[in-house]
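Protein chains in written order, with this note's numbering: chain A, 1 to 103; chain B, 1001 to 1301.
Derived from the structure by calculation, the hints contain no laboratory data. Some hints could be false.
[What the hints assert, rightly or not] Just a sample of chain B residues kept apart from chain A, beta carbon distances all over 12 angstroms, derived:
| hint | residue |
| --- | --- |
| 1 | Ala1057 |
| 2 | Gly1151 |
| 3 | Asp1154 |
| 4 | Asp1177 |
| 5 | Gly1211 |
[As the list claims (entries may be wrong)] From the derived model, a few chain B residues whose C-beta atoms are all more than 12 angstroms from chain A:
| hint | residue |
| --- | --- |
| 6 | Ala1015 |
| 7 | Ile1079 |
| 8 | Glu1114 |
| 9 | Asp1125 |
| 10 | Gly1156 |
| 11 | Glu1204 |
| 12 | His1216 |
| 13 | Asp1240 |
| 14 | Asp1276 |
| 15 | Ser1278 |
| 16 | Gly1283 |
[Stated by the list, open to error] Derived SDA-like pairs (lysine to any residue); straight-line CA-CA distance at most 25 angstroms:
| hint | chain 1 | residue 1 | chain 2 | residue 2 |
| --- | --- | --- | --- | --- |
| 17 | B | Lys1006 | A | Lys54 |
| 18 | B | Lys1205 | A | Asp5 |
| 19 | B | Lys1172 | A | Leu12 |
| 20 | A | Lys2 | B | Trp1011 |
| 21 | B | Lys1006 | A | Asp5 |
| 22 | B | Lys1006 | A | Ala102 |
| 23 | A | Lys54 | B | Ala1077 |
| 24 | A | Lys2 | A | Pro28 |
| 25 | B | Lys1172 | A | Leu83 |
| 26 | B | Lys1221 | B | Val1033 |
| 27 | B | Lys1172 | A | Thr38 |
| 28 | B | Lys1172 | B | Arg1050 |
C-beta: ideal position from N, C-alpha, C; glycine also.
Each chain, written out:
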Amino acid sequence: MKRGDICIALLLLAVAAAVLLLRPQGKPVVYVNGQRITASTEINGVVIELQNGKARVQSSPCRDQICVHAGWLERPGDVAVCLPQRVSVEIRSGKSAIDAVAY
Amino acid sequence: MKQGQKRLRLWAAIAGVLVIAAVLLYSLAPRQVTQTDFDMGSVRRLTVWRSGNLRLAPLPSYEAQAAAQPPPPPVEALIAATGGAFDPYIGALVALWNIDSKDGSPPRVPAQAEIDAALQERALDPGAYGKGLACDFVLQALGGDRRIRGGVLDLGGNILTFGSKPFGAPFKVALRDPLGGANDTLGVFTLEGTHFLSTSGSYEKYFTQGGVRYHHIFDPKTGYPAARDPGLCSVTVLSDSGALGDALSTACFVLGYAQAGGLPWNDRGALFLYEDGSIKALGDIEQMFTITNEKYHWVSE
């Protein structure tokens, strides 16, 4: 390995570390039809399972089963939608939402 | 051979510059620091976005300092403007009702003669402006640190925002639902720059005697818990001064919506929440607040 290769490897490592450290942190939050949920639930016959911050459509009475095949949703932005049953499951970033609560 | 060495050196130089640039960018990038446990009474949380050194200097006990201060001039002016409806000199009355039960004895409804006597005394109770004044002190202390770009201070539900968040994102401050559970909110303020949010409500500290609920915000005219605006649950004031905003929320709660509108309104506004879920607004607060709870709705008068 030439010295240049080592430099490039180091550079890539530094960039990777920076990306990792600057990435927005915070637990993902699950929204069903725009409402935040914190436990497994059922809506319009669609069973939504929550586990360790992940969510999935476990079963649905719809014909196509597109929502079920979407599998586990983990990252902010992941979405599963069941059009026939009018249900959407969405992962949003938990941190960016609220800075403080007034009372 | 020579050609290869040249290229190697070029690559090394490029890589070096990029690494230095990455490190510099990282050290200057705004990042979030949250401090929760410092000696400041009811301070829950201070979050700041800052560059450089991650450590925050410990803050002194501003809340105790603020409680030892006489009312600052804007608060004194408010006493006059409300015609005494807001009055921090009701310490004797507060002690008589004993709603805090600080000495362990239960609160009680005093006899009229006792109330009349307590109203004659002029004992300072900094409760109505102390937390706000402490927020002003924190803002002064942090204002000297140029590395701090902005932050949010949560002082037991009184919220101070200052500066700005990274990439110009606005501050999002939720308002707790006084009719719901501890985690329920009713809406969100979207704020940019320095703002102070103070809430006075009848739902937090109270006791019940003979089926009647007695809360902790007193009307200095009657010596009884304020009840000029029936069904009023809480008032949230958006202000640019901690001490004045804190005092204003108490004053607005005592006066009620109709009379509070007559105050010399040089602040940003107030939300009046009622037990039936209606919300009335004073000032231009309506554009900064979004209701997110279906129990609540705007009512204009």
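Hints, verified against the model:
{"no.": "1", "hint": "Ala1057", "in the structure": "holds, 21 angstroms"}
{"no.": "2", "hint": "Gly1151", "in the structure": "violated, 9 angstroms"}
{"no.": "3", "hint": "Asp1154", "in the structure": "violated, 5 angstroms"}
{"no.": "4", "hint": "Asp1177", "in the structure": "violated, 9 angstroms"}
{"no.": "5", "hint": "Gly1211", "in the structure": "holds, 26 angstroms"}
{"no.": "6", "hint": "Ala1015", "in the structure": "violated, 4 angstroms"}
{"no.": "7", "hint": "Ile1079", "in the structure": "holds, 25 angstroms"}
{"no.": "8", "hint": "Glu1114", "in the structure": "holds, 32 angstroms"}
{"no.": "9", "hint": "Asp1125", "in the structure": "holds, 21 angstroms"}
{"no.": "10", "hint": "Gly1156", "in the structure": "violated, 9 angstroms"}
{"no.": "11", "hint": "Glu1204", "in the structure": "violated, 8 angstroms"}
{"no.": "12", "hint": "His1216", "in the structure": "holds, 14 angstroms"}
{"no.": "13", "hint": "Asp1240", "in the structure": "holds, 16 angstroms"}
{"no.": "14", "hint": "Asp1276", "in the structure": "holds, 20 angstroms"}
{"no.": "15", "hint": "Ser1278", "in the structure": "holds, 19 angstroms"}
{"no.": "16", "hint": "Gly1283", "in the structure": "holds, 16 angstroms"}
{"no.": "17", "hint": "Lys1006(B) <-> Lys54(A)", "in the structure": "violated, 52 angstroms"}
{"no.": "18", "hint": "Lys1205(B) <-> Asp5(A)", "in the structure": "violated, 68 angstroms"}
{"no.": "19", "hint": "Lys1172(B) <-> Leu12(A)", "in the structure": "violated, 36 angstroms"}
{"no.": "20", "hint": "Lys2(A) <-> Trp1011(B)", "in the structure": "holds, 11 angstroms"}
{"no.": "21", "hint": "Lys1006(B) <-> Asp5(A)", "in the structure": "holds, 14 angstroms"}
{"no.": "22", "hint": "Lys1006(B) <-> Ala102(A)", "in the structure": "violated, 62 angstroms"}
{"no.": "23", "hint": "Lys54(A) <-> Ala1077(B)", "in the structure": "violated, 55 angstroms"}
{"no.": "24", "hint": "Lys2(A) <-> Pro28(A)", "in the structure": "violated, 43 angstroms"}
{"no.": "25", "hint": "Lys1172(B) <-> Leu83(A)", "in the structure": "violated, 32 angstroms"}
{"no.": "26", "hint": "Lys1221(B) <-> Val1033(B)", "in the structure": "violated, 45 angstroms"}
{"no.": "27", "hint": "Lys1172(B) <-> Thr38(A)", "in the structure": "holds, 21 angstroms"}
{"no.": "28", "hint": "Lys1172(B) <-> Arg1050(B)", "in the structure": "holds, 18 angstroms"}
Taken one by one, the earlier hints fail for this structure at numbers 2, 3, 4, 6, 10, 11, 17, 18, 19, 22, 23, 24, 25, 26, listed in ascending order.
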